[in-house]
Amino acid sequence: MFLFPIVILVIYAVLFVISPGKVGLAIKSSGNVFLNMIIPLSLVFVIMLLINLFLKPAAVAKFLGKGSGVKGIVLSAAAGIISTGPIYAWYPLLKDLKEKGAGESSIAIFLYNRAVKPFLLPVMVTYFGWLYVVTLIILTILASVVVGFSVSIFPPAKRK
Amino acid sequence: MKIAVSADGSNLDAKVANRFSTAEYLVIIDVDSGEFEAVSSPVTVRQHGAGVQAIVLAVSRGAKAVITGYCSPAVASQLKASGVEVLTGMTGTVRDAMEQYKKSSSMMKLPEAHHSSMAAMINKDVLIHAARNAARQFVTLLPILIGVVLLIGLFDVFVSEGLLASIFSGNVALDTLWGACFGSIFAGNPINSYVIGGELLKYGVSLFAVTAFIVTWVTVGLVQLPAEIAFYSRYQLLLLPS
Numbered sequence: 001m002f003l004f005p006i007v008i009l010v011i012y013a014v015l016f017v018i019s020p021g022k023v024g025l026a027i028k029s030s031g032n033v034f035l036n037m038i039i040p041l042s043l044v045f046v047i048m049l050l051i052n053l054f055l056k057p058a059a060v061a062k063f064l065g066k067g068s069g070v071k072g073i074v075l076s077a078a079a080g081i082i083s084t085g086p087i088y089a090w091y092p093l094l095k096d097l098k099e100k101g102a103g104e105s106s107i108a109i110f111l112y113n114r115a116v117k118p119f120l121l122p123v124m125v126t127y128f129g130w131l132y133v134v135t136l137i138i139l140t141i142l143a144s145v146v147v148g149f150s151v152s153i154f155p156p157a158k159r160k
Numbered sequence: 001m002k003i004a005v006s007a008d009g010s011n012l013d014a015k016v017a018n019r020f021s022t023a024e025y026l027v028i029i030d031v032d033s034g035e036f037e038a039v040s041s042p043v044t045v046r047q048h049g050a051g052v053q054a055i056v057l058a059v060s061r062g063a064k065a066v067i068t069g070y071c072s073p074a075v076a077s078q079l080k081a082s083g084v085e086v087l088t089g090m091t092g093t094v095r096d097a098m099e100q101y102k103k104s105s106s107m108m109k110l111p112e113a114h115h116s117s118m119a120a121m122i123n124k125d126v127l128i129h130a131a132r133n134a135a136r137q138f139v140t141l142l143p144i145l146i147g148v149v150l151l152i153g154l155f156d157v158f159v160s161e162g163l164l165a166s167i168f169s170g171n172v173a174l175d176t177l178w179g180a181c182f183g184s185i186f187a188g189n190p191i192n193s194y195v196i197g198g199e200l201l202k203y204g205v206s207l208f209a210v211t212a213f214i215v216t217w218v219t220v221g222l223v224q225l226p227a228e229i230a231f232y233s234r235y236q237l238l239l240l241p242s
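If you're matching them up, the sequences are chains E and H in order. Take the first sequence: its position 140, counted from the start at 1, is 140 in the working numbering, and no numbers get skipped. Take the second sequence: its position 42, counted from the start at 1, is 42 in the working numbering, and no numbers get skipped.
Chain E extracted, bound-state conformation (with noise of 0.2 Å):
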C-alpha cells in the first residue's frame, strides 16, 4: 500500500537534485489537484460513514442468491451496488453460496456490480458530472445483467 507513494517520493528527490525548479511546479500542481478534491472527498467519507452505519455485510447476505428471474437479478446487482471492502473477503461467502445452489449468473451479478461504488460518487461527479456518472452506472448494471447470463451459458470449472 506504502510502496506506490515511497517510489513516487523517491522519483521526486532524484528530479529535485536535477531540476529543482520543475519539482516545485510539480508540488504546486499536485497541490491544486488535492485542494480540488477536498470537498469531494469529504463527501467520500459522510457516505462511507453512512454505509457502515445503516448498511450491514448481514444485509449483502441476505440480498444475494436470493430469488430467481428479474427478483434475483436486482438483489444481486443491489448487494454488489452495497458491498463494501475487499473483494477475496467475499470469496468465502461465495463459494459457500454456490455450494448451497445460488447460480452462477447471481454470483457475476454480483462481482460486476461491485464496480459501482456508492460512496465515491462526490469524486467522479466532480470529475465527469452528473450525466456521465448516471449513465455510467445504468450501462454497468445492464452490462452485468448480460455477463451474469453469458456466464451461466459457458460450463462451470470442474472441482476435484
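Rather than coming from a laboratory, the hints here were simulated on the basis of the structure. None of the values given here were measured: they were computed from a predicted structure. It is possible that part of the hints are untrue.
To be verified - Here are the simulated lysine-lysine pairs, DSBU-like style, with alpha carbons at most 35 Å apart:
#1 H:64 to E:98
#2 H:64 to H:103
#3 H:80 to E:71
#4 H:124 to H:64
#5 H:202 to E:28
#6 H:102 to H:80
#7 H:2 to H:64
#8 H:124 to H:102
#9 H:15 to H:124
#10 H:64 to H:80
#11 E:95 to H:15
#12 H:64 to H:202
#13 H:64 to E:95
#14 E:28 to H:102
#15 E:71 to E:95
#16 H:202 to E:98
#17 H:202 to E:71
#18 H:102 to E:98
#19 H:102 to H:2
#20 E:71 to E:98
#21 E:98 to H:80
#22 E:71 to H:2
#23 H:64 to E:28
#24 H:2 to H:15
#25 E:95 to H:2
#26 H:102 to H:64
#27 E:95 to H:202
#28 H:80 to H:15
#29 E:22 to H:202
As the list claims (entries may be wrong) - To give an idea of the interface, some chain H residues facing chain E are shown, with a C-beta separation under 10 Å as derived from the structure:
#30 129
#31 150
#32 155
#33 185
#34 197
#35 206
Using N, Cα and C, we set each Cβ at its ideal position, and we do this for glycine too.
Take the given structure of chain E and dock chain H to it, following the hints.
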C-alpha cells in the same frame, strides 16, 4: 426454525465455543426437525473482520438465533439488526444448548431492564464502530491516492503533451483500445482511475478512451485473477470482472 451455535467441533457433542466471532465451527440446527449442519468458520483467530464473517455465515444460513459464550456488543447489535436473536453465556455442549433453547429460550435471555440499558450502549457502540470502519476504509485509500496525485504533478510538468498525443492520437477506436489496455493493467481502488481519467480529459484525451480506462480499471485486473480462477472456469473468466 434454525439456530446457530458457536462450537469447538462439528457435531452436537462438541463444546459451545466461548467466542462467537472466532469459533471453529458454527453448528446450524433446525430445532423443529433436529437436523444439523456444521459449517467451518472462515476466520478462527482474532483479526479484523472476524465478526463480520461470522455474522454473514449465520445470517446466510438462515439462523434466527445465535447461541454462544460471548459476543461483542457491536456484533450482537448487527445480528439483532438482521433479525437474529443473540443468546450469550452458554456453556456445555451444542446439544445442551439446543435442548435449553427448545425448553425455554427465555432462560438464557438477559433481563429486560438490562437489555434496554444495553441497547443505548450498543447504539453508541455501533456509531463508534461505523466511524472507525469508515476512517479505516478512508485511510486505506489515501496512500495510493496521494501517490497518484503526486504522479499527476510530475506528469503535468515533465511529460509533454506531444508524448500523450502520440499515444492518444484522436482516433476514437484506437484511443479507446489504449484506454482499455491501460485500465486493464492497473487495478485497485476506482477513485484512482477517476482522478487519472479526469486529468486525462483535461489533456484532451477523448471521453471514449477515458471511459474505457475507468471501466477496465474496475472490471479487469490481473491481481484478482488467481482467486477468480479458483472460482470460475476459463470460459467464464473471459466474461467476468477479474
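- Item | residue 155 of chain H as an interface hint toward chain E, with CB separation required under 10 Å | holds, 8 Å
- Message: Does residue 102 of chain H sit within 35 Å of residue 28 of chain E, going by the straight-line distance between their CA atoms?
- Response: violated, 69 Å
- Message: Hinted pair, alpha-carbon criterion (35 Å max): residue 80 of chain H, residue 71 of chain E. Please report holds or violated.
- Response: It holds: about 25 Å lies between the C-alpha atoms, which stays within 35 Å.
- Task: Mind checking the alpha carbons of residue 64 of chain H and residue 80 of chain H for me, to see if they're no more than 35 Å apart?
- Result: Holds - the C-alpha atoms of residue 80 of chain H and residue 64 of chain H are around 10 Å apart, at most 35 Å.
- Holds or violated: are the alpha carbons of residue 71 of chain E and residue 98 of chain E at most 35 Å from each other? holds, 18 Å
- Task: Would you check the hint for residue 64 of chain H and residue 103 of chain H, treating anything up to 35 Å between C-alpha atoms as holding?
- Result: Roughly 16 Å separates the two Cα atoms, so the pair holds.
- Given the proposed pairing of residue 22 of chain E with residue 202 of chain H, does the C-alpha separation stay at or below 35 Å? holds, 20 Å
- Please work out if residue 95 of chain E and residue 202 of chain H have their alpha carbons no farther apart than 35 Å. violated, 43 Å
- Once the shortest beta carbon distance from residue 185 of chain H to chain E is found, is it less than 10 Å? Check failed: Cβ of residue 185 of chain H comes no nearer than 14 Å to chain E, outside 10 Å.
- Message: Hinted pair, alpha-carbon criterion (35 Å max): residue 71 of chain E, residue 95 of chain E. Please report holds or violated.
- Response: holds, 21 Å
- Message: Can you confirm whether the C-alpha distance between residue 95 of chain E and residue 2 of chain H stays at or below 35 Å?
- Response: The given pair, whose Cα atoms are some 21 Å apart, holds under the 35 Å limit.
- Does residue 2 of chain H lie within 35 Å of residue 71 of chain E when you go C-alpha to C-alpha? holds, 25 Å
Violated hints, in rising order: 12, 14, 16, 17, 23, 27, 33, 35; the structure is consistent with all others.
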